[in-house]
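Use the sequences and the hints to build the structure in full.
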Amino acid sequence: MKALLRSSLRLIDRLSPPDTVHAHCDIPCGIYDPHLAQIGALTCVRMNQLIEALEAPGGAGAPPSKEERDKYVNSLSRYIAVKEEHAELVKREVRIIWGDYIKPEHIEKHKDLNALVFNIMKLGSKVRQNVDAQAAQDLLADVQKFAEIFWDTKDAKTARVPSRQGAVGGELVVPA
Amino acid sequence: MARPLSALLPLARYRVEGESMAPSVSPGERVLVNRAAYWFSQPRAGDLVVVRDPRQRDRLLLKRIEAGVDGAWLVRGDNEAASTDSRTFGPVPRESILGKVWLRY
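First to last, the protein sequences are chains B and G.
Counting along the first sequence from 1, when you hit position 48 you're at 79 in this note's numbering, and nothing is skipped either side.
Counting along the second sequence from 1, when you hit position 95 you're at 106 in this note's numbering, and nothing is skipped either side.
Hints should not be assumed to be uniformly reliable.
To give an idea of the chain B side of the interface with chain G (calculated C-beta under 10 Å), a few residues [what the hints assert, rightly or not]: (1) K33; (2) S38; (3) L40; (4) R41; (5) I43; (6) S47; (7) P48; (8) P49; (9) D50; (10) T51; (11) V52; (12) H53; (13) A54; (14) E136; (15) K140; (16) D143.
These are computed hints drawn from the structure, not numbers from a lab.
Don't be surprised by glycine CBs; every beta carbon is placed ideally from N, CA and C.
See below:
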């Protein structure tokens, strides 16, 4: 009897779709934090610094020895690999918060949020594709803005504090 | 034909969105709601109900009655970590409770 009722209701739904009832908000864990995205962006800034500071192997006019060349290529490859990973980490973390946590009412309040996320995705790719210190700085700046919006949706005030991560400098947005 | 006929009955169909009632009701499931459930009786703790979001009147929420306080009702999501409910928006008045879930399909 119930099975018949259920299949009839499904048929009715197909003819006239039911309204939506919301059982929101977050996915089960409910824990989100833009901290990792910021660490990822800061790491990209640092990798660009290291790549820039890396001295080309060999002296003027002289071809590098195999040892010098290997050392150079090894360091450069590692910096690039970390830059790749962390730019991707930024994209992933921002995408999760935007896709799973952000609700229409947040977009309504922060009208530039979708454009900001779009820009972060594009900058993340740019940082991967190139050795571009400015793109990495821009990525960090946009992720900081994203972090401020995120905490605002939780009614948390934020502060920009020095990263205290040595030579890379930069600031992190933290809930105050 | 389906709409005028169903409009005569105190029944309403809804499609569930969101995770706050998981695992008892999952996103995408449909519920049949009895809008007459509280015409002659009061909501009781444990009832699965559709309520108007006090923060946004045209938005409907699926929640569970937790307790009655002074003629209003506290509602909660089953999945507390993923629910916005009376912990945030306080008790909901009787007239905001639209009905009780009768059947999931």
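Please flag the earlier hints that this structure goes against, numbers listed from lowest up. 15, 16
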